[in-house]
Amino acid sequence: TMEKDKDVKQDARNDRLTTLRKTNEEVLRMKLRMEAKKKCESYFRSFGDCAKTNGFMVVFNCRKENNAMSSCMETHYNENEFRKFLKSEGISGDAISKRSWT
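Per our numbering, residue 4 is the first one in the sequence shown, and the count goes up by one each step.
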């Protein structure tokens with residue numbers, strides 16, 4: 004039973020560390036997202052201006068602006084950019100849990 008208690012404690016410790024790693028990953032992803040938004044600021048502004056002008060017709064009349072904004076974000080906020088960002092922060096990609104980009 005002493006061995007079982009050690010295993011239970013180790014499992015609990017591993018769970019806490021995994022949760023911490025996931026939290027850190029989310030913080031880093033949020034930081035990258037903010038940087039991407041800054042890089043795409045002009046596209047966000049164009050879409051916002053179009054939306055103000057077009058009101059309810061925004062879906063139809065602002066497609067070009069929306070596509071440009073989405074394209075910019077996809078360019079600067081994706082899994083490859085996240086891996087580059089980790090390197091620039093001095094973090095090994097292996098330190099972050101492996102999961103698909105969402």
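Source of the hints: derived by calculation from the structure; they are not laboratory data. Keep in mind that a hint or two might mislead.
To be verified - Calculated pairs, DMTMM-like style, for lysine to aspartate or glutamate (alpha carbon to alpha carbon, straight line, at most 25 Å):
id, residue 1, residue 2
1, Lys67, Glu44
2, Lys25, Glu68
3, Lys90, Asp52
4, Lys55, Glu44
5, Lys55, Glu82
6, Lys87, Glu77
Said to hold, decoys possible - Have a look at the derived ranges for each label pair, beta carbon to beta carbon:
id, residue 1, residue 2, range
7, Thr26, Asn83, 35 to 45 Å
8, Arg48, Asn81, 33 to 43 Å
9, Asn83, Lys25, 12 to 22 Å
10, Lys55, Arg24, 16 to 26 Å
11, Ser73, Met33, 17 to 27 Å
12, Val30, Thr78, 18 to 28 Å
13, Asn70, Ser95, 34 to 44 Å
14, Phe59, Arg32, 27 to 37 Å
15, Lys25, Phe63, 25 to 35 Å
16, Asn57, Lys90, 19 to 29 Å
17, Asn70, Lys41, 33 to 43 Å
Ideal Cβ positions, reconstructed from N, Cα and C, are used throughout, including at glycine.
Results of checking the hints against the structure:
Distance restraint check for lysine 67 and glutamate 44: the Cα-Cα separation of roughly 16 Å lies within the 25 Å cut-off, and the hinted pair is therefore satisfied. For a cut-off of 25 Å, the pair hint linking lysine 25 to glutamate 68 is broken: about 34 Å separates their Cα positions. The straight-line distance between the Cα atoms of lysine 90 and aspartate 52 is roughly 36 Å, outside the 25 Å bound, and the hint therefore fails. A hinted pair counts as satisfied when its Cα atoms are at most 25 Å apart, and lysine 55 with glutamate 44 qualifies at roughly 16 Å.
Restraint check for lysine 55 and glutamate 82: not satisfied, since their Cα atoms lie roughly 32 Å apart, outside the 25 Å limit. Proposed proximity of lysine 87 and glutamate 77 is supported: the alpha carbons are some 15 Å apart, at most 25 Å. At about 23 Å, the CB distance of threonine 26 to asparagine 83 disagrees with the hint of 35 to 45 Å. The given range of 33 to 43 Å is broken by arginine 48 and asparagine 81, whose C-beta atoms sit roughly 22 Å from each other.
At about 21 Å, the CB distance of asparagine 83 to lysine 25 agrees with the hint of 12 to 22 Å. Checked against the hint of 16 to 26 Å, the pair lysine 55 and arginine 24 fails, with Cβ atoms roughly 42 Å apart. About 19 Å separates the C-beta atoms of serine 73 and methionine 33, a value consistent with the hinted range of 17 to 27 Å. The beta-carbon spacing between valine 30 and threonine 78, approximately 22 Å, falls within the hinted interval of 18 to 28 Å.
For asparagine 70 and serine 95, the Cβ-Cβ distance of about 35 Å falls inside the hinted range of 34 to 44 Å, so the restraint holds. With their beta carbons about 33 Å apart, phenylalanine 59 and arginine 32 fall inside the hinted range of 27 to 37 Å. For the hinted restraint 25 to 35 Å between lysine 25 and phenylalanine 63, the CB-CB distance of approximately 40 Å leaves it violated. A hinted range of 19 to 29 Å for the beta carbons of asparagine 57 and lysine 90 is inconsistent with their spacing of about 41 Å.
In this structure the supplied range 33 to 43 Å is violated for asparagine 70 paired with lysine 41, their Cβ-Cβ distance being about 20 Å.
Of the numbered hints given earlier, the model fails hints 2, 3, 5, 7, 8, 10, 15, 16, 17; all others are met.
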